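Chains as they are written, first to last, in the numbering used here: chain A, 342 to 591; chain B, 19 to 372; chain C, 4 to 326.
Incorrect hints may have been included.
What the hints assert, rightly or not - Derived EDC-like pairs (lysine to aspartate or glutamate); straight-line CA-CA distance at most 20 Å:
1) Lys372(B) - Glu349(B)
2) Lys43(C) - Glu123(B)
3) Lys129(B) - Glu195(C)
4) Lys201(B) - Glu123(B)
5) Lys43(C) - Glu104(B)
6) Lys73(B) - Asp44(C)
7) Lys348(B) - Glu369(B)
What the hints assert, rightly or not - Stretch by stretch, here's where chain C covers chain A in the computed footprint (C-beta under 8 Å, at least three residues):
8) 367-373
9) 415-428
10) 457-465
Hint data in this document are derived by calculation from the structure and do not stem from the laboratory.
Predicted, not measured: the structure shown is a model, and the values here were computed from it.
We treat Cβ as the ideally placed atom computed from N, Cα and C, and that holds for glycine.
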Amino acid sequence: MTPTEANAPVLKLQDIHKMFSGITAIENFSLEVHPGEIVALVGDNGAGKSTLIKIISGVHSPTSGTISIEGETVTMSNATMARSHGIEVVYQDLALADQQSVYMNMFLGREPVNGFGLLDRRRMIAETDKLVKELDVRIPSAHATIRDLSGGQRQGVAIARATHWASKLILLDEPTAALGVAETAKVEEIVLSLKRRNIGVLIISHSLDQVFRLSDRICVLRRGKQIGVRETAKTDKNEIIAMITGLQQQ
Amino acid sequence: MSMKFKSFALFAGLVAATSAFAADGVTTGPHGEKPTPAASMTLSQEQEQKIRDGKFTAALVWHEMSEYTNAVNRGAQDEFKRLGIEVVAQTDASFDGARQKADVETVLAKKPSIIVSLPVDPASAASVYDPARAAGVKLAFVDNSPAGYEHGKDYVTIVSDDLFQMGNKAGIAMAEALGKKGKVGYIFHDADFYVTNQRDGAFKSTIEKDYPDMKIVAEAGMADPARAEEIAQAMVTQNPDLDGIYVTWAEPALSVLSTLRNAGNTHTRIVTLDLNEPAALDMVKGGNIAALVADEAYDIGVTVARAAAGSLVGRGAEPFLVVDSLAVTKETVAEGWKKSLHKAMPESIAEATK
Amino acid sequence: MSSANTSAVGQGLANRFNLQQYVVYLGFLAIFLFFAVVLKDSGFLTVRNLSNIVLQTAPATIMAIGLVFVMSAGEIDLSIGSTVAVAALAAAVTLGQYGLVAGVLAGLGAGLLIGLINGALVAYVKLPSFLVTLATLGLFAGVSRSMTDLRSIPVTDSVFTGFFGSGVFLGIPSLIWWTAIAVAIGHIIYRETRFGAHVLATGDNARAASVSGISVPRIRLAVMAISGTLAGLAGLLYAGRLQAAKYTLGETDLMTVIAAVIVGGTLLNGGRGSIIGALVGSLMMGMLNNGLILMGLSVSDQMIVRGLIILAAVAVSLREKSR
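Input sequences plus hints: build the corresponding full structure.
Structure follows, in structure tokens:
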């Protein structure tokens, strides 16, 4: 890796505009996420966070503006293309197949096959075991069925899956909304450990405490407009709340 | 009787154009057999004793279960019991040829001496009964026999209704109900099914040939009994002045009945075939139903069982044995029930006739 | 790290899974043993009778394989009840006019075509499969009736009837070959290929499958096509066995096949299933028919007992799964 590439943001959004049948959903949004950086995206309900996630994950394409990945401008017309660019999403509903095993979920849609075209279960299980251990996701085994896992374990599996496939960026949509205190702490540990892998993380969260615990920078969105980006270390909750609610203008 | 045979010849001529089996004008069996009264099928005391000593077994392989099959089944069961033959299995194919084949194969595991059966689909039935024939089981049939099977060699006999007589009696009953004049609607079974085709044809020819003052003004084919109500609806709407409607059998006749009731029509009389409790109840209460023509289904069972048993001790049987039928009206419902189904009429009807 | 704790949980799960998987096998065994004891003098245990059960259930088993794919994808195919007859009649008519190969292709092609019609309506018009196939069940029942004007069509080609019906190859009846081959291929595709995994994922969580890059509509189309084609094959087997085709073929099979698939461990809502389980479920249904007849029960009693046993089997297998 050359130094310039290393310094280039994994994701760069420039002047993103999105209209839905004449109504502006996102306007003039620009943001960079660097390798090993955790950026939080905050805003009230309906501020446009989900729309942004969908644009970055290829579900929607922007009406105007550019998306670059490691300095290269890309167009993505579906989720598969986003994935091929190294972007993985952990959805709020986790997108896990409940009746299937952990390892089948890890490789959902991307199952490796052997020379006969049959599923390479051994490889899937081995890689799952390895990753689960590295991330310290405590599940009974790679064979366990998702349905039998706790909420935190499921979240762990979903993040592990994203980690396995993401070479550049992981989008986390409300990763702990449905979890208890202990499980939330565990998931936050896993998220922080992603920094060591030099992956960029964009996280959406309603919990400002969590945002302050995890993120390097905070990007505030209100009614489709980008209100501002702050370095977490140089701001405080009051400022962010003011930005979210609009009670204090820039 | 003379009328019956006269009409019969006419009827045979009528169906000759569409149906090969009735071509020579004297036949009525599914393969052109001459009918023989079922009452002629008797066993001597000596033959009966030999049968009892033989410790034979029988299996009953039905095409489906209905009131008709039930009565035949009971007749066969009673006759086999009388002759000391144990019924080791009975089956119901729900009108499915493949299932009937499976049923025959299954009952063969019990090694029965006799199989009494009604073939679901005579055209393909040879493959159904071949394993039984190969195993030397005596086959006796109700209503029809497999195509290609030879009487006396491959099977004992066919026992059936006198189909022509049934249709003919329905025609006579209709004439009686309408005072031998009026406009008649005719709902026939629109399928290649020998039993209903002959009965329907006999009704039609009876009305056309024997009752110059009666006229069939509306005809409708019914392929699916579930559609009967719509057919009746259309017929009654187009011909509100119908005096009578013939319906090919009782189940669709109930749909016709409900159509008439809904229309507030108390004038149009219905004649149909087979005993059926709701229909009979309407009849005894003075509703639209004028008569039900019933076969002596129980006797079909008795006769087929007796013929099959006789064949085990060398008593041959005529190829086509027919039982009598009777027109049941409001006045004769009690004895009709007894004669046809060999049981007392249902409680509800007994109640209504009081 | 609580490795002892972890493995204990794993152990518990393993035990539960075994019980789940074995419900159908235990039920099968229990019914078999019951009949073997009660009917030991009635020919139940003869090789002839037992092989008859397998032969008789061959078409239902093959339909059940298709239905495992369909139900695993979270869909249902009711139209198989009439697809069988359409395929058998198409094969019989074509066979008589254009020969063996054309007849076979016509039968399988008719099944495939019906499957594709169902599939296209489900996958691309996005109609619920229950309603689509309920409609096509009736539609193709009508087609099969009108195809030959309610007549039955004899099948006289001895190669055809041997291959699909009464033939014997290497000492084993052709219907057993068909069953074995269909189950083996079906099982491998279902358990060991990406397609099988995608079918399960689609039935389990269509959204998850979709965001994971699985083309959910294509999976839905494919399972309906598989089901139609296998129902077509079942039609050929019926035509070969009966040496004739008629519109009533397969009409009574639908409920038997659905029961066999559910008893065999396939969830009605998708996401989990078993081809081997469906085979055993189908054999269980056949054995039940056979044994109850051999017990000499009246037809009504047979139906009552069969209904009760199916109810018990379905209740047990579904309860085990939802726990």
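Comparing the hints with the structure gives:
1. Pair hint Lys372(B) plus Glu349(B) holds up; C-alpha atoms about 12 Å apart against a cutoff of 20 Å.
2. Pair hint Lys43(C) plus Glu123(B) holds up; C-alpha atoms about 18 Å apart against a cutoff of 20 Å.
3. With a CA separation close to 45 Å, the supplied pair Lys129(B) and Glu195(C) exceeds the 20 Å bound.
4. For the given pair, Lys201(B) sits about 51 Å from Glu123(B) by alpha-carbon distance, which is inconsistent with the 20 Å threshold.
5. Simply put, Lys43(C) and Glu104(B) have alpha-carbon atoms about 18 Å apart, close enough for the 20 Å limit, and the pair holds.
6. A distance of roughly 16 Å separates the Cα atoms of Lys73(B) and Asp44(C); the hinted pair therefore holds under the 20 Å criterion.
7. The hinted pair formed by Lys348(B) and Glu369(B) meets the criterion: a straight-line CA distance of about 13 Å does not exceed 20 Å.
8. Remark: the region 367-373 of chain A is not confirmed as covered by chain C, as 0 of its residues place a Cβ nearer than 8 Å to a Cβ of that chain, below the required three.
9. Proximity of the region 415-428 of chain A to chain C, defined as three or more residues with a beta carbon under 8 Å from a beta carbon of that chain, is established by the 3 residues found.
10. Under a criterion of three residues with beta carbons nearer than 8 Å to beta carbons of chain C, the stated coverage of the region 457-465 of chain A is upheld, 3 such residues being counted.
Hint compliance for this structure: hints 3, 4 and 8 are not met, and every other hint is.
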